[in-house]
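Make a model of the complete structure from these sequences and hints.
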Amino acid sequence: MTLGSMFKNRPRDIMQRYQDAMACVVKHGKPPLLITMTCVPESPQTKAALGPNDKACNRPDLIARVFEAKLNRLCDDVFGNKQRAGCFGVVLTHTHVIEYQKRGLPHAHILITLGPDDHPLSTEAIDKMISAEIPDPSRYPDLHETVTKHMLHGKCGGNSTQPCMEKDKYGNPRCKRHFPREQNPHTRMHPEGYPLYRRRFRHAVVKGGVIYNDGDCVPYSPYLCAKYNAHINVEAVTTIGAIKYLFKYVYKGPDRAVARVERAANGEGAREDEPVRDEINEFVKGRYISAPEAVHRLFGFSVGRVWPPVNRLPVHLENQQSVQINPNEPLPLDTPPTRSKLTGFFDLCAAAPDGELTTTLLYTNVPRYYSWNKEKLRWKHRAHDRNVIGRIYTVPLRSGERFYLRLLLDVVMGPTSFADLIMFEDVVYPSYRAACAARGLLADNGEHHICLREAAQIETGDQLRRLFMFMLIHATVANPPALLDRHFASLSDDARYHIERYEDVPVNDQTIRLWTLNKIRLLLAANDRTLAFFDLPELTEDKVRLFDRLEERLPRFDRQQCAQDAEAAHARLNHDQQIAFDECLCAVELDVVDQMRDNNLGPQHVFFLLAPGGTGKTFVENALLDTVRARGDQAIVVASSGVAVLLLKGGHTAHSTF
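Counting from 9, one number per residue, gives the positions in the sequence shown under this note's numbering.
Any given hint could turn out to be false.
[Claimed, not checked] Simulated crosslink set (PhoX-like; lysine-lysine; CA at most 20 Å straight-line):
1. Lys235 / Lys157
2. Lys16 / Lys256
3. Lys35 / Lys256
4. Lys260 / Lys293
5. Lys157 / Lys215
6. Lys136 / Lys235
7. Lys38 / Lys260
8. Lys16 / Lys293
9. Lys110 / Lys184
10. Lys55 / Lys38
11. Lys657 / Lys625
12. Lys163 / Lys184
13. Lys157 / Lys55
14. Lys110 / Lys16
15. Lys293 / Lys110
16. Lys260 / Lys110
17. Lys184 / Lys256
18. Lys657 / Lys175
19. Lys256 / Lys38
20. Lys657 / Lys184
21. Lys55 / Lys235
22. Lys184 / Lys260
23. Lys63 / Lys110
24. Lys16 / Lys235
25. Lys163 / Lys215
[Said to hold, decoys possible] Quick list of simulated restraints, FRET-style, between CB atoms:
26. Cys65 / Asn289: 27 to 33 Å
27. Ala77 / Phe616: 31 to 37 Å
28. Ala77 / Ser13: 26 to 32 Å
29. Ala533 / Leu654: 30 to 36 Å
For the record, the hints were derived by calculation from the structure and aren't laboratory data.
All residues carry an ideal CB built from backbone N, CA and C; glycine is no exception.
Written as structure tokens, this is what we have:
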């Protein structure tokens, strides 16, 4: 059971909106500015509407209305209109998404693409738009008050309990926002990330007995902060290489975590049939909706927008278009196939109402000149040329003929039918794949190059490597080394980030290549294949060991402190907790004995703690961890979600550890 994209702010809807935004990037280029506006519950507008003895936290309706009003005014200032440009210049494209924190307060991410004359390509242009310094209190008293109130990052330092703190690859605490920043007399471009903004340390402020300076200042727009008296972070993102990761951050959606226990895939209790995935039930059980978000949705406020509008174009084989039926009504057997946007495109080209325009029209360009009439199910000529982008739905390579149909729709102009697509130079070919081959689209791994190139626009490095592995195993790739070399930049676009964050090796071209090949090697090994099987460079054991140093990355713990914590926790265990604790600890001790005797890993034990919330599952787990570490043994703690990781001592997410 699937949860369709027509349900707003759901996983499929978020993915479709992300792909719409990336279609704007392909058309108009990278956005240079990222703006984040955060709700301020104690704003003057909210306070003015509160009744006697009332608090903002008790009025989610006010929070939602005030934030929506401010966001609309901010968007009007930034985007501009037909009569005037925005405050940063002429805006070609913009996208914004509203998210809600677990505490309930909303914030909006806004990405804008500026015209060529307004694009901040130099450090001087960035300094005119963005500041990362505390303003002069004598010259700009109002702006100084706003910045010192809303735009200073808290003094996290070595306090690992702060929400911004995380552990680096050596287990040491660090601020994930990289504060405090270093002094910088001039703004400098960074080749792979945000610019290093000018921070001259000319002014400071004391708050709560703590001194703050420019190193603690979050980048902002002086104009927007002064006008809205709110936390509005503005970042220049011109130099970010893989802009798709920025859009994935904006369209990441709310945190969700759903877990269930299934029968084993083999052995006792195995089941042959694959369990049916219920996306609707998963979403309902895994979602979290705060009061302000619920009110926001009840009021009918928008959850985001992409401009220019993107018209999504379906791809289907003949007479295989999607249909909608009411299960409570009988289905007429003589109902003709429903006309889709694709068949409507064929009808438009066959009628040729606009002469040469229609005969040279590509499917992806139809929305620019025509609008889709949902009632009459046909394309209607626009009175004026509009800035509308057409996006053909992504079709995976494993879809077979539908994939090759999509390739033809990208190159064949003015087709009048499905049969017209498989005809080339007066020859009718038996399949769409054969027609692609006749047009030279499949020469030298052509379909694989096209598939990887299009996927690289929206997919992450990990997803691209899995696609590359799928091609090697399930498709006929004539020259795997050439395919790897041609698309290596996209296959490794996340390597620098992961090496800097998790690996204890220098970041250079050699280690990036080794890291990427190792990731591909692991994917192939899971399918009983090797790099050498596809004539790809093999990795020696020494090179593999560079990225297999888990023990060196594990955090170190004070055994004496662990012993004290374990003793205190053991004294507080109730009867049921004590039983679970003893069972797990006994299994650990048996494993150690077997390993010493047989010089192997010994038997493996899996325990599942099932109990209602608040009964002490995490308490028992941390008591076990302290007990094991107090003896000098290593305990690796992983969880599938970041929320669970925060509760476990020395915890990491599974995907970052392994």
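Hinted pair Lys157 and Lys55, Cα distance within 20 Å: holds (17 Å)
Lys16 paired with Lys293 [C-alpha distance capped at 20 Å]: OK: Lys16 and Lys293 at ~17 Å, within 20 Å.
Distance restraint between Lys657 and Lys175, which requires alpha-carbon spacing of 20 Å or less: holds (12 Å)
Pair hint Lys16 and Lys235, alpha-carbon separation not exceeding 20 Å: Roughly 32 Å separates the two Cα atoms, so the pair is violated.
20 Å limit on alpha-carbon distance, applied to hinted pair Lys235 and Lys157: Given pair Lys235, Lys157 holds - Cα atoms ~14 Å apart, limit 20 Å.
Lys110 paired with Lys184 [C-alpha distance capped at 20 Å]: Cα-Cα ~19 Å, so holds.
Lys256 paired with Lys38 [C-alpha distance capped at 20 Å]: holds (14 Å)
Pair hint Lys184 and Lys256, alpha-carbon separation not exceeding 20 Å: holds (18 Å)
Restraint check for Lys184 with Lys260, where alpha carbons must lie at most 20 Å apart: holds (18 Å)
Holds or violated: Lys157 to Lys215, with C-alpha atoms at most 20 Å apart: holds (9 Å)
Given pair status - Lys16, Lys110, alpha carbons within 20 Å: holds (19 Å)
Agreement of Lys16 and Lys256 with the hint, judged by alpha carbon distance not exceeding 20 Å: Answer holds: Lys16 to Lys256 is near 17 Å, not above 20 Å.
Of the numbered hints given earlier, the model fails hints 10, 24 and 27; all others are met.
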